[in-house]
Every structure is written in C-alpha cells, then in structure tokens.
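Enquirer: Below are the chains, spelled out letter by letter.
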Amino acid sequence: MAFSPENRGRARTIVARYPQSRSAILPLAHLAQDQDGWLSDEAMQEIAELTGVTAAQVQGTCSFYTMFKRDPVGKYLVSVCTNVTCLVLGGPELLEEMRHRYDADPDVTVEEVECLAACDGAPCMQVNYDYHELLTPDAAAEVVDEYKSGKRRARTVSGTAVVGGGRA
Amino acid sequence: MSAELVTLTIDGKEITAPKGSMLIQAAQDAGIFIPRFCWHERMKAVGMCRMCLVEVEGVRGLPPACTTPVAEGMVVHLQKDNVQKAQDGVLEFLLINHPLDCPVCDRGGECPLQDQTVAFGPGESRFVEEKRHFVKPIEISPNVLLDRERCIQCARCTRFADEIAGDPLITFVARGDRTEVNTFPDDPFISYFSGNVVQICPVGALTAKPYRFRARPWDLQTSETTCQSCSVGCRGAVQSSSNRLVRFLGVDVEPVNQGWLCDKGRFGFEFVHAPERVREPLVRVGGDMTEQSWPQALEVAAEGIRKAIDLHGPGAVAVIGGARGSNEDAYVWARFAKGVLRTDNVDAQLGDGLPPEVVNGLPEAMISDCDDAAAIVLLAPDLKEELPVLYLRVRRAAAELGVPLIDLSPRDHGLTKHATANLRPIPGEQGRVAEKLLAAINSGTSSDPQIRAAAQAVSGRDGNIVVILGRPSMAESADHTVAAAAALAASPRVRFLSALRRSNVRGALDLGLSPGTLPGRVTLDAGRAWFDAAWGGTPEARGLDTAGILQAAKAGKIHALVLLGADPLADFPDRKLAREGLDAISFVVAVDAFGNESNRRCDVFLPVTLWGEKGGSTTNLEGRIQRMGRRVSPEGTAMDDWRIAAELAFRFGVDFDLETVDEVTDEIARLAPAHLGVTSRLLGAARDGAVVPLADHRDALVFSSAGVASEFGWEPIRPGTVPDEAFAAAQTANVVEASGTGSAGVTQPGGQGPGEAPSDEEIDEITAVDESAVPDVPRPEVLVWDRAVTSPPAPPPDGYALRLVAGRKLYDAGRVTTSSPALANLAPSDVLLVHPSDRDRIGVTDGGSVRVITARGTTVLAVRGDDHTPSGTAFMIFDQPGEGAAEIIDINQSVMDLRLESLS
Amino acid sequence: MPITETRIVTKRLRDRPDDSWTIEGALASGAYDVLRTALTMTPEAIQDEQVKASGLRGRGGAGFATATKWSFLPKDSFPRYLVINADEGEPSTFKDHMLIERDPHQLLEGIAIASFAVQCNLAFVYLRGEFALGYDRLTAAIDEARNRGFLGNNILGSGFDLDIIVHRGAGAYICGEETALLESLEGQRGMPRIRPPFPAVAGLYAKPTVVNNVETVSTLPHILRMGGEEYGKLGVNKSTGTRIFSLSGLVNRPGNYEVELGVTFRQLIDDLGGGVRNGGKVKFMIPGGASSQWLTGSDEHLDCPLDMDAVGQFGVMLGSGAVMVYDDTVDPVLVAWRLAKFFAHESCGKCTPCREGTGWIEKVLYRMSHGLGRADDLDMLLDVGDNISPGLNAPFSQTTICPLGPSAVSAVVSLNKYFRDEILARVATATEVSA
Ligand SMILES: Cc1cc2nc3c(=O)[nH]c(=O)nc-3n(C[C@H](O)[C@H](O)[C@H](O)COP(=O)(O)O)c2cc1C
Ligand code: SF4
Ligand code: FES
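Each protein sequence line maps, in turn, to chains A, B and C.
Final position of the first sequence in this note's numbering is 168; the numbers increase by one with none missing.
Final position of the second sequence in this note's numbering is 904; the numbers increase by one with none missing.
Final position of the third sequence in this note's numbering is 435; the numbers increase by one with none missing.
Isolated chain A (complex conformation) (with noise of 0.2 Å):
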C-alpha cells in the first residue's frame, strides 16, 4: 500500500537526512513494512519515487535482504535460530514444533532463521524481533500465546517499536 499522509511525511525527512537520498532505500522499506506488514509492489513504487530510483532498483535491493517480505506474513513473526549453537541445544526441535502449532494460525508466521546472536540464551527466537531464551517448545507457545492474548505488546514485523497504539 502508499504511504499514508503521516508515513510519506516521516519518509520525506528520512530522506532527507542522507548525503545521498537512495541510502533511504532501506529505512523507507522497514517504514513501509512497520505501516502494512510486508513490502508491496506499491509501496516499492513509492520508495522509488521519493529517492530517485526506478522500482526495479528498489526491488533490486530489498529482495537482497531477508527482513523484507514480499508476501504478507502474520501478525506475529517467529524467527528460531538453528544456527551451530541452537543447532545442538534443542534448536532444530523447537522451529519443527512451532511450525506445527502455528501452521493454521494465520495470525502466526514462523520461519528459520541464522545466529541471532543470543547464543548464551540457546535455543533461542525471536517474536517481531524481540528476543526470547533459554526456551522449551511449550514455553516458546506460551510466549506466542501472550502476545495473541495482549497480554505481551509485539513490535511491528519490521520491529519497530509500537508506542501507545501508534507506531513509534
């Protein structure tokens, strides 16, 4: 989606900010993200235009980065680590399990992902990129289950932080 008054405001001083407008490339694309929880054909677009790039540019760079989704993701993203550590402290056996609870959950979208570097706190994920560790499978679904129930506040899913019902 376009950015709505607000955001196109916050991007146009985003851009603003840099020597040179297309290294507001990535800011814009995590504001898009916090604003519609992924990265739309149109919202690229609109990067393009506010930096001076063609939308294939865009595009060009942000499908180089992993945090930005190109298809809508729930409500809450699960990120496990499997990497070398987590791989020999439970890990592996964590995403397996969360997929399989949260595969019908629409609002959930769990995924794989590399050394968060928390490794002191094996196995170990993150939900909108707040950390959590040292888990279990039944206390990583209880996590989850306390950010469905409001009873945890989530970041966006591009983490950012979200202040009084606004996004910060």
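Honestly, I wouldn't trust all of these hints.
To be verified - Covered by chain C, according to a simulated footprint, are these stretches of chain A (three or more residues, beta-carbon under 8 Å):
#1 11-20
#2 27-40
#3 59-67
#4 85-91
#5 123-133
Stated by the list, open to error - Below, a list of computed lysine-lysine pairs in the DSSO-like style, where the Cα atoms sit at most 27 Å apart:
#6 B/Lys264 - B/Lys44
#7 B/Lys131 - C/Lys363
#8 C/Lys207 - B/Lys417
#9 B/Lys136 - A/Lys69
#10 A/Lys69 - B/Lys131
#11 B/Lys557 - B/Lys307
Stated by the list, open to error - Each pair of labels, with its calculated beta carbon distance range:
#12 A/Arg99 - C/Leu372: 20 to 26 Å
#13 B/Glu57 - C/Ala45: 40 to 46 Å
#14 C/Leu382 - A/Gly9: 53 to 59 Å
#15 B/Arg461 - C/Glu44: 35 to 41 Å
#16 C/Ala28 - A/Pro106: 44 to 50 Å
#17 C/Asp48 - B/Gly58: 27 to 33 Å
#18 A/Val163 - C/Glu44: 41 to 47 Å
#19 A/Gly9 - C/Ser77: 33 to 39 Å
Just so you know, the hints here were simulated from the structure itself, not pulled from any lab data.
Even glycine gets a Cβ: it sits at the ideal position worked out from N, Cα and C.
Go by the hints and put chains B and C with the ligands onto chain A.
Expert: This is chains B and C with the ligands only, laid out in the frame that chain A set:
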C-alpha cells in the same frame, strides 16, 4: 593524450600498456586472450564471474585480470596448473546449475560456456544434486526473453541498462544462488536499447524474439554494414540465412557507435522481406497499377517527364526525396535531375530539415568530440527519440565524463536530467538566447541564472563547444534554429554536429539533392563551370525546396514529380499543403519499395533494392562515409536507385557509362570536390570509414582491421573483421579468420588497439583519382556558410496563446514507455500536452476538449497537463499515423501560436 | 588459580545491570568524562599518542591495527565518514549485541572520540536489523546525548560538530563485510566492492571512510582514560588489551567474558565457562566465529593462548571473538553442514565460486550428515573447496572477492583434518547396512 606506459610480462612475453589499465585489457591489446564472462570493455568492471583469474608473482592468491591494474615489472602467469585449475573450477561452478539445453538454445554454436566446456571441460559432471529451477523464458520486454536458468549472473545486461542506456529497469533480484535478473512486476524493460543486452549476454539467457529459433550460427553468413535507420550511421554486422536477413549485430567502431545499436536499427530490417513490398515495376493502365517489364515502365516514366519538360520547361519537373538511399543513389539522381533534366527543383529534405548551405558549410564537430568537449549545447530535437545512439554518447559524456550539457530544447526530454543548465527558450527565441549564452560564455557572467550556470560550467574547460544542431520542433521555421546557429558560430570554439534525422540525409545534401547545390558541397554557382564540363550541363537557376515545390504544384506549375523514397504526406510538417500540392501534379513517378499515402496515385512505380540488398556508401551526420554491405539478393526485380536514374538518363540520350556501384563511388571521388579521393578502394580499406573533406581528416584513417574476429556479438565485434564481398577485395591481408573464445592463455589477435596509421604514400595511392578524366577547369571551392540569416526572430507570444512544439518519437506509433518521465507523458496523437498551470488557466481537466484556433483554422483536441512542457508552450507528437500536429501546422508561419478555448 | 574477568569495556554494564544504558546510569559511572578531555587534545595526539600507543587492533574480525587504518585517510580530503560496524552476524558472536543494548553511551562516546580523531562530522552506525531493542536504546541514547551537548553542534563548547545516523540493516550477514556494508548504506544490494579503491580512500559516497567495529570503538574511551601506553601493557605480544569472548555451545556457563588477551582456551572454558556440560570433554571447538577452521579438545589446543597471532599456528583465528564448544555427543558433520547452509544462504551471489560452491558444499554435507554420504564425497569437497580457496591454507587465499566463500571451506578442511577416519568409517558402515 598519451598515458604513461609500463612494461610487464605475461607467460614470459613482454608487453607494454598504459599505466592504470586493467590487465585483461592490456593482455588483449597485446594479443593475449584471458577468458572472461562478466568483463566487457565498454562497461565498468565488476569482477564477478572470476573466469579471468591469473597468477601475479608476489600477489597472494589468484587475482582477476579484469580488476587488477597493470604495474611496472609485473610478472603474470596464465599457463600454470594453478591458474588452469582455478579457471576450470569456475567453469564447473557455472555449469552445475546450468541447464543442458544447448541443442535448443539460440546461443548454441556461439556460446563461450559451451565452447569451453566442449574443449576443456570434464566429460561428466561431479555435481549429482538437483539443479536450480526457474520458470522457462519470461518476456522482459516486447522483444527480449529471459531464461533465468541459463543466466550466469555476469551482470552485463543490468550494467548495460544502468550505465550505458540509463534505463535501469532490469536488476538482480534476491541473492546468493537464488539470484536472478528480473524486472519490476508489470514494469517491463522498455528501452530503446534493449537488444544490446541480448548481444552482450555471453550465454543464451537473453534472446531476441525476432531471432529466436530462426537460424543456427553455423548457417549464418555475415556482412559488415552501416545501419540505415537514422543518420548516426552505426556500424553493424548483418546476417542472413537462406537469402533472408535474420539478425543485425552492433560492430564496435570507436568514433561512431562503440558497439551499440538502438532497437529500431537492430530489429528494423524485417521490412526488407515484408509481403507488401513492391517487387516488380508497376504502371497505371486505365486507373489500375499493373505489372510491367522494366523497359516498359522506364519508358513510361521517361515519357511523362519528357512531356512535362517539353510543354513547360525543366522547372516543371521536381524530385522530392533521396535521403534514404546511398551516396551513389543520391549522386546519380542529382546528375540525372540537374545534369540531364536541368531542373534544380530537387530536395532530399521534406521541409523538416535545415538549409543545405548551413549543414554543408558549418564548422563541423565529430561525434567523438562529445567525449572531451568544453560543453555540449543541445539545440536539437530529443536525441533519444531521433538519434538514439548519439543520445548514448551524449549521455555518457554528461553522466560519466563530466562534460557540461547546456540545453536549449523547448521542453524536457531524454537528456534533461543530465543537463547542467536548462535554458528552455520558447520556439522562436533560440536566436536571442543563443546570443546571450555566447556573450555569457565570453564574459563569464549573465543576469539569467541558468545562462550563468551554463557559462560557469564551461569556464575553465578547454576544447571546443559542440553544438548539436537540428530542428527542435516541426512547428516552427528552420530560420530560428539557423539564427541560433549563426549566433553561436561567431565563436571560434564552436563546432556543429548536425542532428538531421533521415538516414542518409547528410549524403544526399552533400551530393546535390537540394536546391542550389551540386555534388561535393558546392553551390550551383560555384560549381557550374566544373559540372557543365563534367556532365554537359546544369540548371540555369536555383530551384525550389520541398515547400516551394508543393506551393508551386498547388499553383499549377509542377507537372511531373519524382518521389524518391519520399512520403510528404507523412513527413512534411504542413499536411494540408502537402495534400493540395500532390493533388495538383498530373504525373508522378514513385521510386520506392513500398506504397504510401503520397505515392498511392502515382503513374509509374519503380521498385528499388533495400538495405542488405545493395552496396555503396552512406554519410553519417558528422560527414563520415561508410560502406553498406550487400548480404542478400534483391526481392523480385528491384533495382538500385542509382541504376534507375542512369536508365532514365539513357532514355534522355545520355549514357552515364556506370556499370557498378564502385564506379559511381569513384566518379564521386573524382568529381565531387568535398569527396575528392574517397575512392571505392579507400572505403573498402578504411576501418572506420572516411570523413569528408578527406584533406582535413587523413589523420583519422585506419586501414588495418581491429584484431580478433568474433563471429558473434557477446564480445565487441571489431570493425573490419567480418568479411564481405567488397571488403574481401580491398582487405585481403587484413581480415582475420573468425575464431572462438578458447581457454586460458590461448593466444589470439588482440583487441581494438590504436590501429596502424597508414603512411602518406599508402593514402596517396589508395585515394588517387584519374586526373585525366576530370574537367579542365579549376576544381570548385567547398562551401563555407556566411552566417547570413534571412528572417528576424519570432514575435513573443501574446498572453493568451500557447506556442506549439511538435516532436517525433522513435517509434511512430505509440509504443509508450513508462520508464522515463520524459516518455511517460507521451500521449496518443491527438492529445495536446500543456503545463498543468496552463491547463488550469484554460479551465479544462485532463482529457477535456478544447477548441484550438490557429492561423490554419479551428480544430478540436483533447488536452492533458504535463510537467515536462513549460508553461506558455504546448506539445504534440508530430508524426502519428493519421492525426498529429501535421494537421494544424502551417508552414508559412514562423511559429505556431494556438489559442485554446475550453469546450467542457 | 582460576582466572577472572578483566572488566573494562564491560564494566559499566556489569556494575549497573539495571540502568547502564540510561544517560543517568552512564553519567553516574563517568560517561563522557573522557570525551571532554579528548576534545582538548589534537586529533593527531589522539591518533598517535593514544590509539597507536595502545596497540589496539580491530575487534570486528580481521584484527587490523586501528591507528594504522585511520592513517590511510588521505590528507585534506573532506568530508570523511566514520561508519560503525554493528551488523554482528557472525554465528555465535554476541558481544556487540550486548554492548549496544547495555552500554550505548560508551559506544557514543567512542564514536565521538574517533570522529574527532579522524575529523569527521557525520558518523553512521550500521546496525543489524534484527537488533530491535538495540535500535531503541541507541537512538534514545543519541537523543539524550544530543540534549546534553555530547553530540550535535559545538560539542561541549569545543567547536566540534558531530551527527550520528543509525541505519538499520535488514537481514544479510554479508553486510558485516565492510564494503558490502557501505553498498547497503548507499541503498544498494549488499555486495562487496572490488578493491582498490579501499574505503579509506573512496568509501561511503566515494568519500574517505573508516569502518570500525562496535567493540573497537567502545574501547577508545578507556584507552584515553588509562593512557594509550598503559592500556597497551595489558594483553600479550601484539594482542594488547582485553577482548570480549562470546563463549557458547555445550558449556555450563555460556556468555560474554572480557579477559586480557593471552589467557588460554582452557581457562576461558573451565574457569569462566564452568567447563563442559555434564562433565563431558571438549571434542572440538570453533574459535573466531563460523569462518575459522576448528580446534579439538587436545591439550595442545586447549592450552593455546588467546593471542591473535599465536592461534595461527593451528590454522585458526580469533576473528570476532566467538568460541563454540562441542562435546562427544555432537556430530561434526552435522555442524559442518549447518555452517555450510549458513554460508550458502548468506552468500551475496557476486562471485561464481562462492555463489555456486557454497550451495554445492551444503548439498553434499547434507547428504553426508543424513546418512547418504559416499566414499569420495570428502575428497570431492576438498577439491571443490580448493577451487574457492586454492591451497586450503589458513590464512586462506581465495578465488573470490571477499572471505565469505573461503570461510565456507574451513569446516570441510577441519572435518578432513580431524575426523576423516570417522567419516569414512561411517560411510563404509552405511553402505554395508544398505547393501
Ligand atoms: C563476511 C564478513 C562478515 C563480517 N561481519 C562483521 C560484523 O558483523 N561485524 C564487524 O565488526 N565486522 C565484520 N566483518 C569485518 C569487517 O569487514 C571489518 O573488518 C571490520 O568491521 C573492521 O572493524 P575493526 O577494524 O574495528 O575490526 C566481517 C567481515 C566479513 C568478510
Ligand atoms: S565471496 Fe561470496 S559473499 Fe563474498 S563477494 Fe563473493 S559471492 Fe559475495
Ligand atoms: S571476473 Fe574478470 S571477467 Fe569476470
């Protein structure tokens, strides 16, 4: 500029190379081929494919030759086991995910990946895992298909689109081994240059729709030739299979096109075999055109012309056209019309060009002067639309080489975003603005900020100022452009590059196909004695140009007209006048390959040969004469234009005694003063052609071919390496046998070095003309323009009117592109684009209708707001079929002012 | 005597677990005091008398001397940029993550000192996109520091101006490589650049640029506080000072430990990490992050000092300061496969050998770790690896642009070096079973 040289050795062979050049280029120039996929000498190195790995003593690991600068004393090894192993390893990596579909791949037979694998690769793959898969070919543009499975991720296409064409609409998507080239969804690679990516793709990932499955490389025959789509005159190699043209590739000629072609040139040859082509002579019998033999048709044509002359004198005959043929065609037609018929009512331009004395008499720039000019001044139509490969050159000069671009165009266009200063004179104001510009350049300052910016950009830069000079709009008189040229020509630093559009318009003007001139850039008066002696006669007085001819015809004074590949109804700016003029002429001879609106009611149709079927030479916009290659035999009984003129002359009792096209070339070399010495032998041997007047450009002649021959285009094709009949005769020793790519260190003849400059004696020998066969009077002087300007500047528009700008598109019928802002706004023909503020002032919304009141009358048109059209002007596409600006342009107006009234 | 930590860079965050990241907590423990002094020195004095004298080497991976790197900046060429590499993505490295979240003011103070020393007025922090809390804390810290005059125009009345932009990455390990990072910062795909030119000459926006790691820069205030020479006395040989080691895997107390360089692997694992879980023994260790070759649990390896140069004798490096520990229960082929999978996923795709080779290695190791190995797989992998990293040496040579491709070969080389017999025996058994 001679750079400092360093000495290094490669496999024990000592070579020298300019300091700072890359090893791969240095080796190539010395005849040593280092394998590569991603490196292309016309683009920045990316060092991606890693095929060019070499060993450099003292350097850890194996650096890639394409990103390693040469250094004094460097010792390089290619023929060592570690280098070979690494290169074989890269080849193996490239193949593990590559499909095994060579038998059905267009590149099969000319694919370096296939060649090297067959030659050096292992028989069996060690890779037993599943290959990567993508959906088979996807259409990335109307003409280009992409098979992502075959892609080796060399980034040649994406770099071309970004760096060279400036249309970054294809990019890498995703990363790692999932990387693919693609467009943005629903935003295809619409670029006038899309075909180049097919040519430079090393594998069969990119294929061109027109060529897919049409031929196998080993069935192709190739001739080097010159593109005839516009007056840039790009060099290319035309290929045929079973006497049909199937493919056209760019040849890398440094001073002209550096290997690139536009899509119109590349894909435009198919018309040669079009079913609707006229293949036999036609004569009107009882209202219908019927096929007749050549002798009969020629007789009818001669008879009709003769009758007009007998009854009304030579001035009753006119010839319009000739800018689409060869120099030889133009010369023989000039000789026939002026020397035999004695009419000077001859014009190769259709009221859309510049006066011949301006074009032929200006101090000239070369295309390559753009690269290091003090500044480039655009006083021209949209180059991207009209002269695409010149656009690439200017774009590169401005975007990459830092040459300031000063724009005097009436509205935004393809180069606007690269311009240093946008002066934006309204039509009719160019002369005044040019005067101010020159004054500012001389004084270094101006009160106008844009003019000041222009002057500041030029200040401190050495060299000449290159003015690209053409008609920015069809809706204004040429006088305004001429006035601007005259103003600028006051500076000794200013040189001009004429931006005329039709392919050989320069050759036609040079060779006398315009009123008041004779072949070789001489005026009728200056050349009369010489050509009277040579031809036996010349016209009595200066004749009419196309506008004059049509007006005279309307007044009943033209009784026979030859349309020499011309269609005034489509091309003449004032369609009403064209219609009325043509309607009034009783006898019309069409010398053409196709029927068109204008020649529809002709009395005789004489079918001509087309590009690919004929030899001879053409002259590009900088005055460079280059050969055309004959690749297929003509369709039907089509005849060369020049031969038709000679046959007609014969029917008027004059035997030109010209048997072959080379004889025509040699007669031009002998008789046309500016062309002195440009013999058929010279043209056969000169790698980059010859620029006239030759006396001023002898230094630039290169006779040798440029090194390694490449039968195909993924590597730059060197000029002079593709044999054709004419070349073969002249070149013998110079032609290098075509050969494949080879593996590491296979020594092959090298790249496009400076080329051997021939000695003075060699040049004298090859340019010698038969002095016993020239007239016994002094050779006339070549024209120099006196900068006389005939008309005063146009009056400023009144506050209510908008001034019309009419421009052309590369593709005449709406292939609208969404990629570039300058193009995105292009509307269907009957839309008038105005600045949004003007639209609002008139009180219409986009698409709303207005009554347009002009000197011509009143029409109704739709209007749309457009940021690229300055306020106070209105833009319309000139040459849309049927409709367009031609309907409202009145050639008697020096500018067209429109008053608009809202109808909604 | 068991060793203990030498807490310098980690002092504040250990001392003040509840508020180390706030401006109040930071100021209460001396933050920005050193900056005030630094701004009274000359840039040259900071470079030479402090940083150079300290012997500080980069903590990001390559271990290049920081003062030397700064000295490559061409004189009189401005603007210049300082870019902080906070993209920490090297598997099992988690020190920068902690420093950013728990002591952002220390980082900011370091950035201000470094910027002043290299005369740059705009610095960037390229922050790993997944560090959401880190982003919040760092940007909040910047706001607080600016409000109090530690950043912005005319810092502490010195006339020195500095602005900092925090730029979030978006999930690409390769963007930790400094030239890929610069590409990414310019809004491009994060693909490493061809060198030359080096960033010091033409980096961000083609301007002279220094790229330094978070820990490197966070150390600067302490060097100035202690005095460069004094700091240089810490550590061993050319590995001066302290480093934070991220200890992970099958140890009892995984975590970040800041120690003086020169302590041994054994001391780190046993004294600080509490030894291997369940009383087990080290089977193999991966020091330095995923890119390094491996070590075993031999005495020779365990007693090797954490010295950036000395570890080279075993073909390994200290890299980013990670130490992963595995015991007998772990299949080294499985670990090797997972590392290969990581590199294949993270290869930027620019170089053919890396783009195609990492995927190939991953596919073969997958088979091998899932009971489908063939007798010649290991040798074939070595040969494929040789085409990415000719000679299979350490430090490696490479047919690629950056070290990511060759990094993927390290595990294969290590498997062959230490576990060849085990692997071949396993293939033989599997073949027998299936026959
Ligand atoms: C593939 C790859 C990934 C890297 N990742 C990081 C990283 O996440 N953080 C880091 O500081 N340096 C990383 N580096 C090292 C940087 O390129 C660079 O050397 C370092 O940031 C310089 O800072 P220093 O001199 O302070 O260590 C990486 C290098 C490579 C080749
Ligand atoms: S080695 Fe791999 S990650 Fe590094 S530049 Fe080459 S392809 Fe990219
Ligand atoms: S890496 Fe040198 S040609 Fe591709």
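Enquirer: Indicate, hint by hint, whether the structure satisfies it.
Expert: Consistency of the hints with the structure:
1. 11-20: holds (count 4)
2. 27-40: Holds: 3 residues of the stretch 27-40 of chain A have a Cβ under 8 Å from chain C.
3. 59-67: holds (count 7)
4. 85-91: Per the Cβ count (4), the hint holds.
5. 123-133: holds (count 5)
6. B/Lys264 - B/Lys44: Holds: lysine 264 of chain B and lysine 44 of chain B sit about 26 Å apart, inside 27 Å.
7. B/Lys131 - C/Lys363: holds (11 Å)
8. C/Lys207 - B/Lys417: Holds - the C-alpha atoms of lysine 417 of chain B and lysine 207 of chain C are around 24 Å apart, at most 27 Å.
9. B/Lys136 - A/Lys69: holds (25 Å)
10. A/Lys69 - B/Lys131: Holds: lysine 69 of chain A and lysine 131 of chain B sit about 25 Å apart, inside 27 Å.
11. B/Lys557 - B/Lys307: holds (14 Å)
12. A/Arg99 - C/Leu372: 20 to 26 Å: holds (24 Å)
13. B/Glu57 - C/Ala45: 40 to 46 Å: holds (42 Å)
14. C/Leu382 - A/Gly9: 53 to 59 Å: Check passed, 57 Å falls within 53 to 59 Å.
15. B/Arg461 - C/Glu44: 35 to 41 Å: Cβ of arginine 461 of chain B to Cβ of glutamate 44 of chain C: about 38 Å, so the range 35 to 41 Å holds.
16. C/Ala28 - A/Pro106: 44 to 50 Å: The hint (44 to 50 Å, Cβ to Cβ) holds, given that alanine 28 of chain C and proline 106 of chain A are roughly 48 Å apart.
17. C/Asp48 - B/Gly58: 27 to 33 Å: holds (31 Å)
18. A/Val163 - C/Glu44: 41 to 47 Å: Distance hint for valine 163 of chain A, glutamate 44 of chain C holds at roughly 44 Å.
19. A/Gly9 - C/Ser77: 33 to 39 Å: With a Cβ separation near 36 Å, glycine 9 of chain A and serine 77 of chain C satisfy 33 to 39 Å, so the hint holds.
The structure agrees with every numbered hint stated previously.
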